[in-house]
Amino acid sequence: MSKSLILKVALAAVAILIGGIVLLGLLIMQSIDDKVASDSLESQKLNLRVAATILQDNHPEFSMKISEDGETTNLVIPEIPDLSSHELIDSIGAATGQTATVFAFVPAEQDFVRVSTNIIKPDGQRAVGTMLGKGSAAYEPIMSGNTFRGEALILGTQYVTQYSPIKSPSGDTLGILYVGIKKAEVAAVAGEIETRIAIVGVIVAIVSAVLLFLLLRWQLGPLNELGQTISRFVERDFSEEVSFTERKDEIGLIANGLLRWRETAEKIGEAETARAEAEKRAEKERIDQRNRLAHELEQSIGQIVASVRQSSSGMQKSTELMRQSANHSLSQSQRVSEAANNSAQSVQTVAAATEELTASISGIGDQVRESTAIAETAVGEASRANEMVGGLAEAAERIGQVVSLINDIAAQTNLLALNATIEAARAGEAGKGFAVVAQEVKNLANQTAKATDEIAQQIGAIQDETKVTVDAIEKVTHTISSINDIAAGISSAVSEQNSAVNEIANSATSASSGSTEVVANINEIHEAAANSGAAASELDENVGALAKQIDGLQKTVSDFLSQLRAG
154 MSKSLILKVA
164 LAAVAILIGG
174 IVLLGLLIMQ
184 SIDDKVASDS
194 LESQKLNLRV
204 AATILQDNHP
214 EFSMKISEDG
224 ETTNLVIPEI
234 PDLSSHELID
244 SIGAATGQTA
254 TVFAFVPAEQ
264 DFVRVSTNII
274 KPDGQRAVGT
284 MLGKGSAAYE
294 PIMSGNTFRG
304 EALILGTQYV
314 TQYSPIKSPS
324 GDTLGILYVG
334 IKKAEVAAVA
344 GEIETRIAIV
354 GVIVAIVSAV
364 LLFLLLRWQL
374 GPLNELGQTI
384 SRFVERDFSE
394 EVSFTERKDE
404 IGLIANGLLR
414 WRETAEKIGE
424 AETARAEAEK
434 RAEKERIDQR
444 NRLAHELEQS
454 IGQIVASVRQ
464 SSSGMQKSTE
474 LMRQSANHSL
484 SQSQRVSEAA
494 NNSAQSVQTV
504 AAATEELTAS
514 ISGIGDQVRE
524 STAIAETAVG
534 EASRANEMVG
544 GLAEAAERIG
554 QVVSLINDIA
564 AQTNLLALNA
574 TIEAARAGEA
584 GKGFAVVAQE
594 VKNLANQTAK
604 ATDEIAQQIG
614 AIQDETKVTV
624 DAIEKVTHTI
634 SSINDIAAGI
644 SSAVSEQNSA
654 VNEIANSATS
664 ASSGSTEVVA
674 NINEIHEAAA
684 NSGAAASELD
694 ENVGALAKQI
704 DGLQKTVSDF
714 LSQLRAG
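Counting with my numbering, you get residues 154 to 720 for the letters of the sequence shown.
Derived from the structure by calculation, the hints contain no laboratory data. Fair warning: this is a prediction, and the values are worked out from it, not measured in the lab. Don't be surprised by glycine CBs; every beta carbon is placed ideally from N, CA and C. Fair warning: there could be bad hints in the mix.
[Stated by the list, open to error] In the DSS-like style, the derived pairs of lysine-lysine whose C-alpha atoms are separated by at most 30 angstroms in a straight line are:
no., residue 1, residue 2
1, K198, K274
2, K161, K335
3, K335, K320
[To be verified] Computed beta-carbon distance windows for the label pairs:
no., residue 1, residue 2, range
4, D243, Q311, 21 to 27 angstroms
5, R445, L406, 52 to 58 angstroms
6, E393, Q372, 21 to 27 angstroms
7, L406, S191, 52 to 58 angstroms
Generate the whole structure from the sequences, applying the supplied hints.
If you want it as structure tokens, here you go:
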């Protein structure tokens, strides 16, 4: 351990000591502050008792009570006396050494006025006539009839105070008896004490630090000498004796450990000397054995190199034959590939032609199927026309029957008109009018007969035309049916032809695919032949490189054996 480390340890210990003293001083100062504050409050309790006692001595009508704990309570007086001379307050101040005040309650203001006090205003006058103020910390407790003890702000200055209410015999609050001291004075007392403690603490810290530093230096000083001893031991210098072995502390343990280290190191030195002699003998044996191994290795590697050279020569011949065979296969596969490509193109042409033929046959089939559908529609329409013409013939037949009936009625009417004419002629003048009517009826019957004859002629003509139309429609229907049968046959033939052409197209497509596959296989053979040639060339190059590496290996082995023999 160096002096710097001893200094660091000592300084660290001193710093810890000073830190502890400072912390302790702060705690003591805080405790002093609390104690002074508490004592100042307690002193107000005593000062109030002194003030009340002086007030009672000067005004016998004033009464009070003192509790077991020294608290002055129940301040009672019939009325606040005249204290304008301030002698009473000054005597209280002289006895307590602090401020004192007597307040009187002002009902109109609901506040308390200072009637006698030794508190001096900034202008140098007594603070007589000033109000307590409703904002005072003592106002609420006093108005409630309770004593207030604590800090309060008086005319802009903070005081440690006690306010006790002065009541009338009936219990009404008449005024206040106040005692207090400026908080700054209390703080000054505490500050003076703390300053003294701080001075003592600094002195104690300095003395303690010096003593601790000297103690640590005395205790840790041997570590420097022991550190130098360790440095010599590391350099294998064991000539000097180890000091401080008689000490019973940690320094003594380190010193005795160094002593055992020296003894062990001396034994190790003797063992190393013996080991060095043994290593010399072993080294000579290793050299002899290494030379034998080098000779055996040289013979073995020479045989291996010769064998590899012979194998590489044979491999070069084989690769040459392999290259020639690959070149021949390459040229053959090239010619076969060209022939296969021509065949594939021809097959593809046939496949394209069959595909076009299939498309044409499909178009014919579509047209034939469309013609068949039209023929079937025409057959249906002809059948419906035949039925309609048949209905027309039946209607004409019925009309003919009606016309015959009308003709019969007209003949009968004509006969009746003739009979009426005969009867009218028999009647003479009386039947002339009837004869005229009969003549008109006869004329009408004759006209009806003529009309029915014409209708009969027309109906006969219609019936004749209807028969001709029916015969024509039957012939058309028969012809369309024949056309439909022929179209159906054509459609069937076209379907069979389409199937045959599709088979041809499929065969052509299969042939094209096969040709393409053959071309691909031949190309693979061509590529394999090319790869074989390249592989043969690469193998030939590798064999050449192997031969060079064998030469290099032989040279490297020779160099290694030379180095091995040289040791």
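Checked hints:
Proximity of K198 to K274 is assessed by CA-CA distance (about 25 angstroms); at most 30 angstroms being required, the pair is judged to hold. For the given pair, K161 sits about 49 angstroms from K335 by alpha-carbon distance, which is inconsistent with the 30 angstroms threshold. A threshold of 30 angstroms between alpha carbons decides the hint, and for K335 with K320 the separation of about 27 angstroms falls inside it, so the pair holds. A C-beta distance of roughly 23 angstroms is found between D243 and Q311, which places it inside the suggested range of 21 to 27 angstroms.
For the pair R445 and L406, the beta carbons lie near 56 angstroms from each other, so the given range of 52 to 58 angstroms is met. The given range of 21 to 27 angstroms is respected by E393 and Q372, whose C-beta atoms sit roughly 23 angstroms from each other. Checked against the given bound of 52 to 58 angstroms, the beta carbons of L406 and S191, roughly 54 angstroms apart, stay inside it.
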